[in-house]
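2 protein chains.
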Amino acid sequence: MSTVNLQDLVLDRASAIPLSQQLTLQLSHWVVSGRLAPGIRLPASRVLAQDLKLSRNTINTAIDQLRAQGYLTSQAGSGVFVSTDLPQKDKPLLKASIQGLKEYPPLSDYGEQLQKNDFKERSGQLPFTPGVPDLSAFPYKIWQTLMRRHSDRAILGGYQGNQGYKPLRENLAHYLNSSRGLRCTPDQIIITQGAQQGLALCTQLLLNPGDHVLHEEPGYMGARKAFTAIGANIKPLIMGTDGLDVSQLPLKTSAKLLYTTPTHQYPMGGILPTSDRLQLLNWADKHRLWIIEDDYDSEFHFYTNPIAAMQGMAELSPVIYLGSFSKTLQPGLRLGYLVVPKPLVSAFVQAKSFICGESPLLSQAVVSDFIEEGHFIRHLRRMRLNYQKKWEHMQSLCEQHLQGTMTPIAQSAGMHLVLQSNNPQLDDVRLHQRFSQAGFGSSPLSYYYQGEVKKRGLVLGFSNTNEQEREQGIQTLAGLLSRSDL
Amino acid sequence: MSTVNLQDLVLDRASAIPLSQQLTLQLSHWVVSGRLAPGIRLPASRVLAQDLKLSRNTINTAIDQLRAQGYLTSQAGSGVFVSTDLPQKDKPLLKASIQGLKEYPPLSDYGEQLQKNDFKERSGQLPFTPGVPDLSAFPYKIWQTLMRRHSDRAILGGYQGNQGYKPLRENLAHYLNSSRGLRCTPDQIIITQGAQQGLALCTQLLLNPGDHVLHEEPGYMGARKAFTAIGANIKPLIMGTDGLDVSQLPLKTSAKLLYTTPTHQYPMGGILPTSDRLQLLNWADKHRLWIIEDDYDSEFHFYTNPIAAMQGMAELSPVIYLGSFSKTLQPGLRLGYLVVPKPLVSAFVQAKSFICGESPLLSQAVVSDFIEEGHFIRHLRRMRLNYQKKWEHMQSLCEQHLQGTMTPIAQSAGMHLVLQSNNPQLDDVRLHQRFSQAGFGSSPLSYYYQGEVKKRGLVLGFSNTNEQEREQGIQTLAGLLSRSDL
Numbered sequence: 009m010s011t012v013n014l015q016d017l018v019l020d021r022a023s024a025i026p027l028s029q030q031l032t033l034q035l036s037h038w039v040v041s042g043r044l045a046p047g048i049r050l051p052a053s054r055v056l057a058q059d060l061k062l063s064r065n066t067i068n069t070a071i072d073q074l075r076a077q078g079y080l081t082s083q084a085g086s087g088v089f090v091s092t093d094l095p096q097k098d099k100p101l102l103k104a105s106i107q108g109l110k111e112y113p114p115l116s117d118y119g120e121q122l123q124k125n126d127f128k129e130r131s132g133q134l135p136f137t138p139g140v141p142d143l144s145a146f147p148y149k150i151w152q153t154l155m156r157r158h159s160d161r162a163i164l165g166g167y168q169g170n171q172g173y174k175p176l177r178e179n180l181a182h183y184l185n186s187s188r189g190l191r192c193t194p195d196q197i198i199i200t201q202g203a204q205q206g207l208a209l210c211t212q213l214l215l216n217p218g219d220h221v222l223h224e225e226p227g228y229m230g231a232r233k234a235f236t237a238i239g240a241n242i243k244p245l246i247m248g249t250d251g252l253d254v255s256q257l258p259l260k261t262s263a264k265l266l267y268t269t270p271t272h273q274y275p276m277g278g279i280l281p282t283s284d285r286l287q288l289l290n291w292a293d294k295h296r297l298w299i300i301e302d303d304y305d306s307e308f309h310f311y312t313n314p315i316a317a318m319q320g321m322a323e324l325s326p327v328i329y330l331g332s333f334s335k336t337l338q339p340g341l342r343l344g345y346l347v348v349p350k351p352l353v354s355a356f357v358q359a360k361s362f363i364c365g366e367s368p369l370l371s372q373a374v375v376s377d378f379i380e381e382g383h384f385i386r387h388l389r390r391m392r393l394n395y396q397k398k399w400e401h402m403q404s405l406c407e408q409h410l411q412g413t414m415t416p417i418a419q420s421a422g423m424h425l426v427l428q429s430n431n432p433q434l435d436d437v438r439l440h441q442r443f444s445q446a447g448f449g450s451s452p453l454s455y456y457y458q459g460e461v462k463k464r465g466l467v468l469g470f471s472n473t474n475e476q477e478r479e480q481g482i483q484t485l486a487g488l489l490s491r492s493d494l
Numbered sequence: 009m010s011t012v013n014l015q016d017l018v019l020d021r022a023s024a025i026p027l028s029q030q031l032t033l034q035l036s037h038w039v040v041s042g043r044l045a046p047g048i049r050l051p052a053s054r055v056l057a058q059d060l061k062l063s064r065n066t067i068n069t070a071i072d073q074l075r076a077q078g079y080l081t082s083q084a085g086s087g088v089f090v091s092t093d094l095p096q097k098d099k100p101l102l103k104a105s106i107q108g109l110k111e112y113p114p115l116s117d118y119g120e121q122l123q124k125n126d127f128k129e130r131s132g133q134l135p136f137t138p139g140v141p142d143l144s145a146f147p148y149k150i151w152q153t154l155m156r157r158h159s160d161r162a163i164l165g166g167y168q169g170n171q172g173y174k175p176l177r178e179n180l181a182h183y184l185n186s187s188r189g190l191r192c193t194p195d196q197i198i199i200t201q202g203a204q205q206g207l208a209l210c211t212q213l214l215l216n217p218g219d220h221v222l223h224e225e226p227g228y229m230g231a232r233k234a235f236t237a238i239g240a241n242i243k244p245l246i247m248g249t250d251g252l253d254v255s256q257l258p259l260k261t262s263a264k265l266l267y268t269t270p271t272h273q274y275p276m277g278g279i280l281p282t283s284d285r286l287q288l289l290n291w292a293d294k295h296r297l298w299i300i301e302d303d304y305d306s307e308f309h310f311y312t313n314p315i316a317a318m319q320g321m322a323e324l325s326p327v328i329y330l331g332s333f334s335k336t337l338q339p340g341l342r343l344g345y346l347v348v349p350k351p352l353v354s355a356f357v358q359a360k361s362f363i364c365g366e367s368p369l370l371s372q373a374v375v376s377d378f379i380e381e382g383h384f385i386r387h388l389r390r391m392r393l394n395y396q397k398k399w400e401h402m403q404s405l406c407e408q409h410l411q412g413t414m415t416p417i418a419q420s421a422g423m424h425l426v427l428q429s430n431n432p433q434l435d436d437v438r439l440h441q442r443f444s445q446a447g448f449g450s451s452p453l454s455y456y457y458q459g460e461v462k463k464r465g466l467v468l469g470f471s472n473t474n475e476q477e478r479e480q481g482i483q484t485l486a487g488l489l490s491r492s493d494l
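Residue numbers (our numbering), protein chains in the order written: chain A, 9 to 494; chain B, 9 to 494.
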């Protein structure tokens with residue numbers, strides 16, 4: 009029998025994990041991988057202890073474990089041997105390097121489809137990356153106080169239900185009814201782990217694969233992704249200057265669902281007027297369509313109080329209201345909410361328990377107090393002024409530097425500004441890439457189209473930028489635009 | 009024109025929301041609902057101010073808003089009127105009370121299915137509710153220190169990527185490799201918002217509706233729910249005393265996926281021996297099946313070091329490793345993780361971004377430090393002893409009080425104990441209900457079966473109980489069992 013060289017066992021002597029356990033695991037891998045051949049004899053524990061600079065105690069503990077687990081056998085007197093009864097493994101399992109998927113079992117159709125995408129995750133965000141609120145203006149002190157208040161409550165460590173923390177649902181219902189004009193009770197609210205999860209729940213419960221969905225064009229990509237994930241068939245809605253053009257709604261439709269952002273069309277801005285909202289509700293009711301009303305940042309209108317949500321315009325409306333704390337508080341919290349008609353609550357709560365489970369309790373408790381004690385309304389008021397100043401600054405910078413190349417769509421702000429290119433042929437994807445190489449985030453306007461791209465340009469999130477970033481950003485953009493190859 | 013009675017407007021004068029805004033919203037609802045009929049004339053603002061005890065300023069602001077939103081019109085001199093141009097709403101939208109779903113658009117097949125369930129969400133937990141760790145023994149002080157360290161980091165308020173916080177993936181990889189015998193790099197780890205989300209991602213990416221899945225019987229209900237949600241076809245695996253019986257694996261199978269808990273079968277306990285693990289891996293590889301290895305609480309073996317995870321037994325294995333922090337830390341955190349083969353990472357990260365989005369950053373940062381600084385290993389060691397004491401106490405209580413009625417399945421502990429009824433006809437659902445009426449949680453053993461129920465009894469989670477609860481609980485149970493009608 010050949011001898012064994014255990015010199016290159018890697019042991020982390022600093023680790024909190026017992027050395028005997030580390031030794032057990034590595035030797036078991038060596039046996040399984042064939043590096044220690046079946047039948048081979050191990051050196052005496054005394055020798056091993058010397059070679060590995062470990063106590064004999066550690067060695068013996070490991071050997072006992074490995075014997076118990078069937079990796080080693082011992083023959084009285086003649087020592088300890090690598091087991092010969094372990095089943096030999098088929099080739100692929102022994103292969104050291106992974107060539108790709110072909111050695112693996114197949115994926116679902118959806119998985120195969122994603123597998124084809126050339127996907128590179130963007131981690132972290134740059135100045136102007138859309139969708140990020142002013143994180144430097146977040147009231148951390150108040151937040152920490154509220155966290156301390158709740159952070160040792162054992163009850164928040166356990167399970168409290170998939171629908172969400174009751175006090176939060178109560179405070180949220182009061183806020184939504186009195187501030188956003190909803191008609192809902194706390195038991196119609198489902199707290200989600202972010203708005204995207206809310207969308208996923210809607211698709212699961214409202215759509216079969218192949219169903220038709222009406223979606224704003226240009227429109228929110230996150231919604232389109234959720235619809236695609238369920239295999240829905242997305243049809244674009246024709247848009248007017250105030251959001252979707254209700255006069256263009258089809259007379260006949262087989263669609264099951266319509267997604268809209270009536271109080272601040274994403275990304276172009278525009279507020280759907282009251283009478284259009286009522287027409288839309290009537291139309292949806294007549295054709296038996298669900299409406300997802302995404303109210304993602306209606307709190308940030310600068311010159312008018314936000315118009316009341318559609319959900320509240322009728323006692324019995326086929327509207328599912330989608331909300332998020334990512335814009336009003338922080339994306340990092342990963343909290344959002346759905347307001348659904350009472351008869352749907354049970355199905356939504358069950359679906360949440362099956363596909364995601366509960367939402368984190370501590371942050372729910374903190375947000376609940378944050379709303380109840382008035383911090384939420386005050387924070388929103390402060391941010392509205394904060395973003396308005398930044399937006400006015402953006403406007404003046406655009407006038408200074410982008411005259412003739414790009415037109416800012418004033419009504420798009422909120423938290424981002426849409427810069428529409430005067431050149432309809434502009435390669436806004438390349439512009440976006442160049443801008444990103446220069447250290448600035450953005451989204452190409454063409455990304456917001458599924459079908460024919462009617463407008464090109466960049467979407468810039470300014471809410472999380474400072475003065476210098478805005479100045480440098482717009483000047484950099486002007487520089488890029490002055491080049492002829494875009 | 010009839011006069012208007014605005015007396016019963018409800019205004020919350022304590023609220024942080026401006027009274028003018030509250031007034032605007034409610035009047036708009038009254039107009040839409042027809043309570044203020046089209047064409048009717050509003051009292052003069054002076055009168056309104058008196059009647060409602062509001063400043064004329066407030067009244068006028070509200071009226072201006074409502075005019076701007078098209079609810080009201082004004083005719084010079086003759087006053088302010090409810091708009092007559094608003095489209096009349098169809099009946100259903102006016103209906104004041106919701107009768108049920110029939111007025112609403114249809115749901116998806118899955119939605120209709122859930123709608124049929126008589127579902128009542130259990131909120132909060134009772135002593136013995138399975139799956140809850142000892143929340144009173146959680147190291148809150150350390151946790152708070154780590155939270156303070158991170159809680160004002162603006163970077164954690166934003167977006168950092170759907171795969172998860174990098175330092176956490178690094179620390180977790182080190183823990184899993186050195187303590188659980190995995191072979192993974194941080195870029196194979198995906199942090200999820202709880203293990204249930206990890207299961208949902210697997211079903212999305214590995215299963216088409218109608219695909220066959222092999223599942224332990226009795227087995228984990230959460231997995232079965234996730235498989236059902238995607239419309240998979242679940243086939244039971246035959247179990248032996250040490251978990252699934254590999255000698256009973258089918259020679260032919262069309263299944264795409266096998267779900268197993270090899271290191272601590274749920275709920276019966278049992279550790280799948282090394283040679284069986286290798287056979288299972290070979291079998292899965294041969295039949296091109298995915299294996300989901302759910303390692304939910306392997307840290308809590310009392311008398312042996314946990315055997316290494318299957319994922320690490322071969323370089324190239326079709327294993328997706330599912331982990332959770334709900335048992336090792338807290339369910340309330342809602343954090344779990346997946347370890348997937350490198351070629352699948354991109355698809356999993358994309359799917360996560362489409363159906364759930366990122367995981368919360370602050371808690372990821374805290375858990376990361378908690379592991380890196382050795383608190384995690386120490387906490388697990390403490391909990392192992394903590395649960396072992398409780399388990400021994402449970403054993404002796406069962407001997408005292410349940411002789412002849414129920415047999416504790418010693419190897420099931422961990423965090424719960426399976427009490428198998430000596431009477432195979434026991435109505436364990438009714439027993440569970442009675443026990444719950446007495447103030448104690450449990451799960452009927454029959455719940456863990458999808459097909460024919462072979463064993464009946466109760467699953468009791470003892471990890472979050474104190475001595476008194478255990479004594480009262482088992483005595484109460486003995487009392488219930490002494491009654492003849494079960």
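Don't take every hint at face value.
When chains are identical, the list treats them as one kind, so a pair holds in a single copy or across two.
Unchecked claim - Straight-line Cα separation of at most 20 Å, EDC-like style, residue types lysine to aspartate or glutamate; simulated pairs:
id, residue 1, residue 2
1, K149, D160
2, K462, E178
3, K350, E111
Source of the hints: derived by calculation from the structure; they are not laboratory data.
Here's how the hints hold up against the structure:
With identical chains, the CA atoms of K149 and D160 are at most 20 Å apart both within one copy (18 Å) and between copies (8 Å). When the C-alpha separation of K462 and E178 is checked against a cutoff of 20 Å, the pair qualifies neither within a copy, at 43 Å, nor between copies, at 44 Å. In the homo-oligomer, the alpha carbons of K350 and E111 lie at most 20 Å apart only across protomers (12 Å), although the nearest pairing inside one protomer, at 48 Å, exceeds that limit.
In terms of the numbered hints stated before, the structure departs from hint 2 and from no other.
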